[in-house]
Amino acid sequence: MNELVIKAKNLGRNFGDLKAVQGLDLEVEKGSIYGFLGPNGCGKTTAIRLLMGLLKPTTGEIEVLGFKLPKDAEKLRRHIGYMTQKFSLYDDLTVKENLQFMAKIYGLSGKVQKKRISELLSIYGLDQKQNQLAGSMSGGQRQRLALSAATLHKPELLFLDEPTSAVDPENRREFWEQLFDLSDQGTSILVSTHYMDEAERCHKLAILEAGVKRADGSPDDLMQQMGAHVVEIAATDLRQLKQSLMQLPEVIAAAQLGARLRVLVNDSVADPLNFLAFRGDIAVDDLSQVRPSLEDVFVTCTGDGRQ
Amino acid sequence: MNSLLRIYAIFSKELMQLKRDKMTFGMIVMIPLIQLLLFGFAINTNIRHIPVGVVDYSETGLSRILQETVSATQVVTFIHKYNNERQAEAAIARAEVRAVLVIPKDVSQRLVRHPSVGLGLPAASDEETSRPIGQWLVDGSDTVIAGAIKSLRNMPLAELLDKPANRSVPTFEVALFYNPEQRTAVNIVPGLVAIILTMTMIMFTSAAIVRERERGNLEMIITTPVRSIELMIGKIIPYMFIGALQVIIILGLGNLVFNVPINGGLWQLAAATLLFIVASLALGLVISTIAKNQLQSMQMTVFILLPSILLSGFMFPYEGMPLAAQYIAEAFPATHFMRLIRGVVLRDVAIIDMRFDVYWLIIFSIAGLLIASMRFKKNLD
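Top line first, the protein sequences correspond to chains A and B. Take the first sequence: its letter number 104 is residue 104 in our numbering, and every next letter is one higher. Residues are numbered in our numbering as their position in the second sequence, beginning at 1, plus a constant of 1000.
Please keep in mind that the hints were generated in silico from the structure rather than gathered at the bench. Source: prediction; values computed, not measured. Certain hints may be false.
Using 27 angstroms as the maximum straight-line C-alpha spacing, the simulated DSSO-like pairs for lysine-lysine come out as follows [claimed, not checked]: (1) K204/A <-> K56/A; (2) K1081/B <-> K86/A; (3) K68/A <-> K1377/B; (4) K129/A <-> K1019/B; (5) K1105/B <-> K129/A; (6) K1022/B <-> K19/A; (7) K1022/B <-> K96/A; (8) K9/A <-> K1019/B; (9) K1019/B <-> K19/A; (10) K1081/B <-> K96/A; (11) K7/A <-> K1378/B.
Some, not all, of what chain A presents toward chain B, calculated at C-beta under 7 angstroms [unchecked claim]: (12) T59; (13) T84; (14) K86; (15) S88; (16) D92; (17) E97; (18) F101; (19) I105; (20) G107; (21) V112; (22) K115; (23) V284.
Ideal placement from N, C-alpha and C gives every residue a C-beta, glycine not left out.
Based on the sequences and whatever the hints tell you, model everything.
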């Protein structure tokens, strides 16, 4: 087993009556990319803030990079980088000025500072933009700036809170390439997202809903152990078919994908194809069992708390 | 070493932002400039040309000369004539005039017996033989205007009779130090330094941290190794220079335009000003840790600013306030600085001779900085 960078046990945090996070157990291995997947308001941001020592936990214990939180939060700060959900560098400073500011904050000066900044500018493709005001840049450029500022002091652990929410797909792919580069260099990364494709790229992930961890593991493990069959039905009048299938207690969810209906059937049913053909009055040939996706996992293990 | 570097980081970042914020930068210069000119010219406690009316029952040449003589003092200007007291009182009520001079029918008889004329031998207090030659009906609600009219009570009537008046020997001789010409600007301009610094220094610093919180910058800053006190110090240093610049504008222009002398030493002046700037900045920082948004910080600034203007002695003498108000006034740094700057600028006093005010400003600054750094938590709870 690898060295752990984050250990949390029974972590919980209340805001008044609202239980933002409860009973969260978490283990993140060194050098891995760990994802928090969940809808908005599920407690991802709160969990990240707890793990950085920005919030005090109501219950539970946290150890990050060997520092006990919240006691040693101040000592931890030199070893972590944080990219906030909303762009939090200064809009009225240029790219270079923002980086110079952060460099001085982390104690880099003179030649070391200059070298590190030009290094970052070229890694993140900001050379051409270095004298542009951060506020006038596109979402993708700002996000690269935020990442370069967060990694400026070569932190051992990076926290990224929905880093790609304001970024187009192409920039997102590039961004993840950069995350893998960092991961290869030994940086551990904890990233929250509500995009399935991003979650699938993580080494491990936790699915959060209403402040509770519903499942965790590697994407492949999650898909294999999700406890449901995935069946796609090609038929006409899918709206009505969906309505009637949803009545069955064995059917967990059904979603229309163009001309097909994707149905999740509880794995207590041994032969899902015949079961659905019989119940839905459809020819078996129109049914096919398919490989589950992460979205299926997500749908299977959430939904209890959804209104 | 790293601590200094971090303070420098915050300081230079703050300067760069200020440089880009043209509006704020303009305000730094324009606020003292415009307010100085405005208040320097507008505020005047030596009242001239109060609009008044007259009820003239005598209608003689003498009564008209009497009006001319009163006009010649420049304290009042006659703008209306009324037929009787009832009309006059109505005119005062609707604020057409602030006062009315009533000249009785027998003004000439009264005049010849008037002691200032020097003919009447009987004592001036004898109502039978010697009576006032007219009466002022005054809107006494404004004490300054009432006072100006009251000053006419014993005005000399020498010109009226074209002969030297009985000159009375004053009970006391008065020697006016520091402002012998009694120009209001001499007292107002140094006071303005305190008021404008209170306003801009508290406003800028209180907004400085709240703005970062509103824009989300603070969430990132608090995850870095910056300490609260470093953040506070880095934030206030640029504003110390701005405060100094404003003082130079106010006192320089006050000297050029309003001829207000700077009698004290420049080092004394710099020391007093620096103390006050730091105290105001510390107060602004405390506000910034309480206010949730920029609107709230602005409201709290006004909450401090109003008593600073009204209780500090800027407009009304401290000595005239009731004891309770004096205690409250003591709490505001502006009160202490008002004494110091008037002392240095007008009376060439060394600030160490007014050490109570100096100590108080020092204690206020340190306490403010400590409270602000303690209240500024590096977490989001």
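Should the hint that S88/A touches chain B count as held when the rule is a Cβ pair under 7 angstroms?
It holds, given that the least Cβ distance between S88/A and chain B is near 4 angstroms, below 7 angstroms.
For the pair supplied as a hint, K1081/B and K96/A, confirm whether the alpha-carbon distance does not exceed 27 angstroms.
violated (76 angstroms)
Pairwise hint evaluation, K1019/B against K129/A, where the allowed Cα distance is 27 angstroms at most
holds (20 angstroms)
Please verify whether K204/A and K56/A have alpha carbons no more than 27 angstroms apart.
Since the Cα atoms of K204/A and K56/A sit roughly 25 angstroms apart, the hinted pair holds (cutoff 27 angstroms).
For the pair supplied as a hint, K1105/B and K129/A, is the alpha-carbon distance within the 27 angstroms limit?
The hint is violated at about 91 angstroms.
Between K9/A and K1019/B, does the CA-CA distance stay at or below 27 angstroms?
Since the Cα atoms of K9/A and K1019/B sit roughly 48 angstroms apart, the hinted pair is violated (cutoff 27 angstroms).
How about G107/A: closest beta carbon in chain B under 7 angstroms, or not?
Given a least distance of 4 angstroms, the restraint on G107/A holds.
Mind checking the alpha carbons of K1081/B and K86/A for me, to see if they're no more than 27 angstroms apart?
Not satisfied, since the Cα-Cα distance of roughly 73 angstroms exceeds 27 angstroms.
Mind checking the alpha carbons of K68/A and K1377/B for me, to see if they're no more than 27 angstroms apart?
holds (19 angstroms)
For a C-alpha distance cap of 27 angstroms, please report whether K7/A and K1378/B respect it.
OK: K7/A and K1378/B at ~22 angstroms, within 27 angstroms.
Interface restraint verdict for F101/A against chain B (beta-carbon cut-off 7 angstroms)
Holds - the Cβ of F101/A comes within 7 angstroms of chain B, reaching about 5 angstroms at its closest.
Hey, does the I105/A contact hint survive, CB to chain B under 7 angstroms?
holds (5 angstroms)
Hints 2, 5, 6, 8, 9, 10, 12, 21, 22 and 23 from the earlier list are contradicted by this structure; the remaining hints agree with it.
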